[in-house]
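A.B. asks: Residue strings, one per chain:
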Amino acid sequence: MAVIQPGAHRTNPAERAKRYRQKIRSNDRWTLLLLSPVFTVLILVIFLPEVWALWISFTNYRLGDSPRFIGTSNFEYFLTDPDFWNALWVNVKFVIGAVTIQMLVGLGIALYLARLKSRLKFLWIALVLAPMAVSPAVSSVIWKYLFDANIGPVNWLIEQMGFERVQWLTGLHWAMVSVIIVEVWMAIPHVVLFLYPARITFPEDLYEAAEIDGATPWQRFRHITMPLLKPAFLLCLVFRVIITIRAFGVVWLLTKGGPNKSTELLAIYMFKEGFENWRFGSAAAIAWAMLIITMLLSSYMIYQMYQNAFVRQRRV
Amino acid sequence: MAVRAPSIARRVGSALLLFLIIFWSFAPIAIALVSSFKHPRDIFTYVPTVVFEPTLANYAALLDEWSSFWSAMGNSVIVTAGAAAMVVLVSLPAAYAYSRMARPAFALSALFLIAVRMFPPIIVTIPLFPLLTRMGLTDTPIALIFVYAAFMVSISVLLLKNFLDAVPHELDEAATLDGATRIQTFVRITLPQIAPGIAASIIFVTLFAWNDFTFAFILAGTGSKTGPVIITEMMGAVGEGASNWGIIFAASMAQLAPILLFVWLIQKPLLRGFSASKTGD
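Protein chains in written order, with our numbering: chain L, 1 to 316; chain F, 317 to 597.
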């Protein structure tokens with residue numbers, strides 16, 4: 001074991017500075033070495049392919065052909081394609097509908113579960129979170145059956161209640177309603193998982209004091225829960241918008257974008273351009289447009305996550 | 317003043333609300349589970365059959381007629397385990413570097429790490445499909461392992477860094493003074509302390525890789541198809557009479573049961589890990 005000599009630190013300042021620089025440099029080399037695997041994976045699998053996609057978005061690349069530079073024609077092509085604007089509008093409707101409902105219902109469920117006193121609480125939470133474990137593939141199987149116009153339990157239930165049967169997945173307007181319902185079903189556990197842990201950290205005596213002062217449940221929600229929950233709620237909202245904008249799997253499996261393109265989201269429009277028409281140049285152009293939209297929307301989120309993980313706590 | 321005990325009407329209302337919440341989230345899964353034990357003729361009725369003779373016929377048919385389903389499930393296991401292992405191996409050193417060594421200048425690189433995670437998966441398939449096809453990787457699990465790992469490393473690094481930050485530096489220093497090398501210190505002292513963080517990372521990767529449809533559907537060839545993809549193919553085969561709803565429900569439950577059990581078992585670290593990171597989906 002090394003014993004530190006009393007006079008060891010009393011070397012001249014230049015010597016000390018040099019040694020300090022060497023220590024920093026060796027430290028930096030180790031840092032780089034330890035960080036390199038993560039960045040290698042990210043650069044190889046996501047970053048470089050995306051850069052290549054930017055190049056082919058300016059070409060007429062089709063699978064198997066060699067790409068030829070055609071300038072901005074791909075961008076002009078989709079920007080003048082009515083189907084693109086339809087997909088954008090469908091996406092906006094889908095995001096607004098699905099995110100609004102999932103945030104409100106998810107908030108309600110999270111607050112309800114936080115106040116719930118039950119010996120089986122762990123079971124109820126597990127059952128609420130269960131849809132999170134269901135693959136989009138299995139969700140689409142389940143909901144295709146539930147929404148089946150002829151033998152589906154949903155239509156049976158509706159008729160029992162005295163309403164008319166609905167053409168859920170095939171009706172021109174109902175298809176959008178159906179895919180929003182399924183998306184909400186899949187997303188609510190994520191919202192609950194975001195808001196519930198935040199809610200249970202609030203001091204309970206705040207609520208007790210308010211109750212003693214005669215505050216109504218609405219007042220308690222308005223003046224205690226809402227201000228405290230706001231940061232988590234906003235972060236969750238932004239996150240859900242980013243995730244919902246890119247929706248593809250379950251909608252593709254339920255409706256293939258139909259009927260009559262009424263559920264053709266941007267991702268589905270892009271997928272068809274790439275994997276049905278095999279126009280990869282044009283699909284890459286749409287992909288980059290989607291990437292730019294996502295990045296604009298995500299910048300707040302990225303900044304928040306960066307601040308949380310790397311800046312805020314260092315100051316403490 | 318004591319807080320009043322809730323009235324009976326309040327309690328009934330609360331129970332009703334709980335029933336509605338649970339019905340909404342779990343009834344679809346329960347219906348699929350029950351249907352997987354029904355004869356196809358009992359599934360195909362307009363008035364739902366509540367009383368029926370449970371049968372294992374669907375599962376038997378799945379075993380006999382759909383060997384492709386089971387090989388796809390095997391692929392799912394390989395891809396999920398591979399991606400989870402890769403994520404932990406790659407993100408642990410990075411999390412350690414960010415937590416213990418990196419100067420503030422390096423923290424900026426984390427912006428790239430976080431930003432890349434926001435890329436929508438579907439847009440990455442456009443360049444990846446031609447590239448992987450040209451490299452001949454679409455029929456192997458390697459492509460999916462790398463793609464899943466790439467999309468999950470960022471959240472895993474942030475999560476593990478969070479846990480590492482919570483381990484007091486004094487512990488490291490004490491061990492170092494006792495003559496332990498940096499690696500010994502890490503393996504013996506630090507690693508056991510961040511085990512819940514590693515568990516949480518593995519859960520996130522497993523949920524994503526086991527259930528993913530988009531990447532597997534587009535990037536996997538016939539030899540590397542995963543469970544979710546084959547289930548959707550079985551759906552397509554209903555029209556041709558090659559499969560039926562009973563078999564599909566059985567397959568769906570065979571795909572869902574392992575992951576549901578998994579999530580159930582690790583519920584608590586998941587809730588904790590999530591509140592700690594605020595980064596996952």
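What the hints contain is simulated information worked out from the structure, not anything from laboratory work. One should not assume that every hint holds.
[As the list claims (entries may be wrong)] So the derived label-pair ranges between C-beta atoms look like this:
1. T365(F) <-> T80(L): 38 to 44 Å
2. P370(F) <-> L48(L): 35 to 41 Å
3. Q509(F) <-> G108(L): 35 to 41 Å
4. W580(F) <-> I70(L): 31 to 37 Å
5. P370(F) <-> L44(L): 47 to 53 Å
6. G214(L) <-> T371(F): 39 to 45 Å
7. T371(F) <-> P259(L): 32 to 38 Å
8. T497(F) <-> D28(L): 17 to 23 Å
9. R450(F) <-> Y303(L): 33 to 39 Å
10. S384(F) <-> V92(L): 51 to 57 Å
11. R222(L) <-> F368(F): 48 to 54 Å
12. K117(L) <-> T497(F): 19 to 25 Å
13. R498(F) <-> G108(L): 57 to 63 Å
14. L79(L) <-> R450(F): 36 to 42 Å
[Unchecked claim] Sample of chain F residues with no beta-carbon within 10 Å of chain L, all distances over it, derived:
15. P344
16. V393
17. P437
18. E486
C-beta atoms are modelled at their ideal positions from N, C-alpha and C, and glycine is treated no differently.
A.B. asks: Could you check the structure against the hints above and give me the numbers of any it violates, in ascending order?
C.D. replies: The structure conflicts with hints 1, 2, 4, 6, 10, 12, 13, 14, 15, 17, although it agrees with all the remaining ones.
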